[in-house]
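*Asks:* Chains as they are written, first to last, in the numbering used here: chain A, 1 to 487; chain B, 1 to 444.
No lab work stands behind these hints, which were simulated from the structure alone.
Worth double-checking, as some hints may not be accurate.
Claimed, not checked - PhoX-like cross-link-like pairs, simulated, lysine-lysine; straight-line CA separation at most 20 Å:
id : chain 1 : residue 1 : chain 2 : residue 2
1  : A       : K309      : B       : K281
2  : B       : K320      : A       : K300
3  : B       : K16       : A       : K362
4  : B       : K40       : A       : K159
5  : A       : K39       : B       : K346
6  : A       : K387      : A       : K309
7  : A       : K26       : B       : K378
8  : B       : K40       : A       : K287
9  : B       : K40       : A       : K110
10 : B       : K377      : B       : K387
11 : B       : K40       : A       : K26
12 : B       : K11       : A       : K33
13 : A       : K26       : A       : K39
14 : B       : K387      : A       : K428
15 : B       : K40       : B       : K186
16 : A       : K39       : B       : K16
Stated by the list, open to error - Here are some chain A residues pointing at chain B (derived, C-beta under 7 Å):
id : residue
17 : R319
18 : H457
19 : T458
Said to hold, decoys possible - Chain B stretches covered by chain A per the calculated footprint, using a threshold of three residues with CB under 8 Å from any CB of chain A:
id : segment
20 : 69-77
21 : 127-139
22 : 362-371
23 : 384-393
Built from N, CA and C at the ideal position, the CB exists for glycine as well.
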Amino acid sequence: MSGLLFERHSLNEASWLPDLGEPEEKTLALLPKDVLRQKGPELPSLSELDVVRHFTRLSQKNFCVDVNFYPLGSCTMKYNPKALDAIAAIDSFSLIHPYQEEEDAQGALKVLYEMQSFLSEITGMDDFTLEPAAGAHGELCGLLMIGAYHRSKKQKRTKVLIPDSAHGTNPASAALCGYEVAQIRTDAKGHVDVADLKSKLDGSVACLMMTNPNTLGLFEEEILGIARSAHEAGALVYYDGANMNALLGICRPGDMGFDVVHLNLHKTFAVPHGSGGPGSGPVGVKKELVPFLPSPRLVKKGDGYRWEKNLPCSIGKLRAYYGNFGAIIRSYGYIKALGGEGLRAAAEHAILNANYLKARLKDSFEVPYDGLCMHEFVMSAARQKKKGVRAIDIAKRLLDFGIHAPTVYFPLIVEEAMMIEPTETESKETLDEFVRALEAIDREIEEDPEKVLGAPHTTPVSRIDEVTAARQPNLRYRPEGKAGAGL
Amino acid sequence: MQYLSNAESDKAEMLKAIGVSSFDRLTASVPPGLKRFDWKIPQGISELELMRQMVELGRQNRHFHHFASYLGAGNYDHFIPGVVGQLAGRGEFLTAYTPYQGEASQGTLQSIYEYQSLVCELTAMDYSNASMYDGASSLAEAALLALRSSGRKKILLPATLHPEYRRVVQTYLSCLDAETVTVPMKEGVIDEAALGRLLDAGTAAVVVQHPNFFGLFEETRRVSSMAREAGALVIACVNPISLGILEPPGEYGADIAVGEGQPLGNPASFGGPHFGFFTVKAEFLRRIPGRIAGMALDKVGRRSFVLTLQAREQHIRREKATSNICTNHSLCALKGAIYLSLLGKKGIRKLALLNLKNAHDTHERLLQIPGVREFSKKPFFNEFALKVDRDPATLRKKLRENRILGPLALKEFYPEFPSAYLFAVTENRTPEDLARLAGALESS
């Protein structure tokens, strides 16, 4: 049992800092009294050993890829090579400042410059920015550029078209840029309903945002026609790169007609997910959009690299400095290590693993969109629901088998959705274990449903009362005697 | 190098189970024309070759272990105790997913709850989220919150705000029905008379960076009360280390307080990844962007932690969400929490004092050099500007010879200060570093 940091009381003098060498009052006298803090901050005082034990014990309460299989659809929780962590930690990359002179950081600039070319080649785009910090940040960047593009053509376009199977960030990013969102239906085969799309493509549409393969794990076979229709209506086409892992070396969004592409380096390109980030969300564009890329732009002059800041058409900046360098350099190492062939093999095995699981599971679970899939697929617990057990229960029960839950209830268009993405780094043996676990749970639903409904049984806590947590939020520790956290 | 686990024999068995004869059949839905392309991706290499190449490439960078850095402007060379990287680098944190499955993520969730608590203590604000991308994007989200909650259209950004932060706020607002107006400066701080003229019934918020871009203290209480009188919100942008001794934003009237978390245990890393912190007064809780962890009970009454108030977020609310943020900078925030735990109440104060003293000793020493003059008489924390009458090229050469990185030439951002430089001085700078810096200035 680990209590809160704030509930431990050991002595701490932060002895890892040198002495001040003079009385505090003397140093404080450098400042006027009225700028000083009168009390606190009441940070807990712990010995180094207490801190180490506290956070180590906390870590042991987590599932993670290093221990567990994560068939988490749309999240690409693959194994990320440890060598890349070592590269990011090299002093000459981790201990450099974004404002040091260009000639003092040529190694870092070369990494960024080559990375832009690698990503352009992989996606079939003309140029890239590495500035955005995450996928949603990339969407914001891409949509701002699309807005700037239309303004440069003296066009006022107010709408963004988004399929009903899309990630929540797509409509949220569109709204953040002031766009109205119109939803496109999915047809009976699990693809974008082209007739519905065409009926909504008019002069008010700024862009169509798509994921391909879509969130059902299906390749949008009509993509070339869809992009052509959008372009004929004067709209641009945006590629959400969440599912790029399926396409590495197989085909490229740029060749499909996409004008703007964002990638999630923390999905496809081996940046560890870090319990929720940091990631990196580079954005690629076709040449018509290059002038609008964020500032500054990296250019090559002779043998050297430098920042170009005089960019009159740029949308501006999305964050300070140049991007999540510590994440980007991992992806750079990943692409260098795998090479073209290795990247293609990764996509192939991702697709192979997903199809294998789909074939193995289609008898136990309903699969609403039959046939072959790309790197992930969606199945449904609708059959199990009739017996009183829902997708969430199956997801929680999987935890007892040491397997992380799949993505559930997404995409929204599938009842009791369970979205499964095994990734390329998992072995057939692991996939077979997963199949056996799901089959065992399916049997339990018949024989001992309470066991599934009451799951998980082996995690540090059992099911959490989320409703009360939201109604009576306790979002921070307060020392005893202070007012509670209620609203 | 490849990181696959299937043997060739597995592959054949799997294709058989799927019912196809070859891998190519699996991608039959991709139009054949799309499968033909050339890409210039080099051949793969071994881990050994990769590491050798990267170390070699790194030699072209001058880094803090060989050069003493006086660069700051939001990103500082602070000492990071070994514990921080060791703990945050544990696979259980590094390779875990976002803690949506609460039962499988108690470690992450409790650490986020503790992070939120630590940041609230430091800033004296009521609530914190689980982290943002960085200080600049955190500030932009604060401006969005102020626009939405006030229904007003104008954000006042001081000329003393980090120029890149100003640009980021402007970019975030560029497609919305809103405007940013720059508040001019006087003697390196906000010109209060000008602020008074710009504040009106259309002002959603006033931003105050404290210490500001030049390292100088703003008149936070006066700025706050002026904003309040106009019915505008106050957004403070603060340096977390300075809060070891400086009055926290929650006490001088900030409604929202944000900042860059890099100084808290995150290496400079050429500008990222770090984290932004985002805190509010209680009335704005349900307008916070991004994830928040809360304490809860499990079904047998055990203390647990869970992501909560998710009805604000994009995966639930889609286009009606408070922000589009999904992936945040959780691992960087964890480093911040570990770092603050190692400091404790006494440590954060000591650290702030070490910075204060080092910066003032450096300021005093450099002012003894002929041609080096004061930029402002206002008080400062660990960063300050000076006017240095030297030929920039010669100065650069001398600094490099003396193995010094920085200071930052302000003319990069402020053409009106052609000979001014910004010096950041942390606890990591030694008297020997100062001697070399002074030597470079004296000899150039």
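*Asks:* Each hint should be assessed against the structure and marked as holding or not.
*Replies:* The hints, checked one at a time:
1. A C-alpha spacing of about 38 Å is found between K309 of chain A and K281 of chain B, which places the hinted pair above 20 Å, so the restraint is violated.
2. The straight-line distance between the Cα atoms of K320 of chain B and K300 of chain A is roughly 42 Å, outside the 20 Å bound, and the hint therefore fails.
3. At most 20 Å may separate the alpha-carbon atoms for a hinted pair to count; K16 of chain B and K362 of chain A meet this at roughly 15 Å.
4. Distance restraint check for K40 of chain B and K159 of chain A: the Cα-Cα separation of roughly 36 Å exceeds the 20 Å cut-off, and the hinted pair is therefore not satisfied.
5. Distance check on the hinted pair: K39 of chain A and K346 of chain B sit about 12 Å apart at the alpha-carbon level, within 20 Å; holds.
6. With a C-alpha separation of about 63 Å, the suggested pairing of K387 of chain A with K309 of chain A is violated against the 20 Å cut-off.
7. Our distance criterion of 20 Å between C-alpha atoms is met by K26 of chain A and K378 of chain B, whose separation comes to about 19 Å.
8. Of the pairs offered as hints, the one joining K40 of chain B and K287 of chain A holds, with about 18 Å between alpha carbons and a cut-off of 20 Å not exceeded.
9. A hinted pair counts as satisfied when its Cα atoms are at most 20 Å apart, and K40 of chain B with K110 of chain A qualifies at roughly 17 Å.
10. A hinted pair counts as satisfied when its Cα atoms are at most 20 Å apart, and K377 of chain B with K387 of chain B qualifies at roughly 13 Å.
11. For the hint pairing K40 of chain B with K26 of chain A, the CA-to-CA distance comes to about 63 Å; that exceeds 20 Å, so the pair is violated.
12. Note on K11 of chain B and K33 of chain A: the hinted pairing is violated, with a Cα-Cα distance of about 72 Å set against a maximum of 20 Å.
13. For the suggested pair K26 of chain A and K39 of chain A, the alpha carbons sit about 19 Å apart, so the restraint of at most 20 Å is met.
14. With a C-alpha separation of about 66 Å, the suggested pair K387 of chain B and K428 of chain A falls outside the 20 Å cut-off, and the hint is violated.
15. Annotation: proposed proximity of K40 of chain B to K186 of chain B is violated, straight-line Cα distance about 54 Å (limit 20 Å).
16. Between K39 of chain A and K16 of chain B the alpha-carbon distance is near 70 Å, which puts this suggested pair outside the 20 Å criterion.
17. A cut of 7 Å between beta carbons decides the hint on R319 of chain A: the least distance to chain B is about 5 Å, and the hint holds.
18. A hinted interface residue such as H457 of chain A counts as satisfied when its beta carbon comes closer than 7 Å to some beta carbon of chain B; here the least separation is about 10 Å, so the hint is violated.
19. Checking T458 of chain A against chain B: minimum C-beta separation of about 9 Å lies over 7 Å; hint violated.
20. Coverage of the segment 69-77 of chain B by chain A holds in this model, with 6 residues showing a Cβ closer than 8 Å to a Cβ of that chain against a need of three.
21. Interface restraint, the segment 127-139 of chain B with chain A: holds (9 residues with C-beta to C-beta distance below 8 Å; minimum three).
22. By the rule of at least three residues with a Cβ nearer than 8 Å to a Cβ of chain A, the coverage given for the segment 362-371 of chain B is violated, with 0 such residues.
23. A stretch counts as covered by a chain when three or more of its residues have a beta carbon under 8 Å from one of that chain; for the segment 384-393 of chain B and chain A the count is 0, and the coverage is violated.
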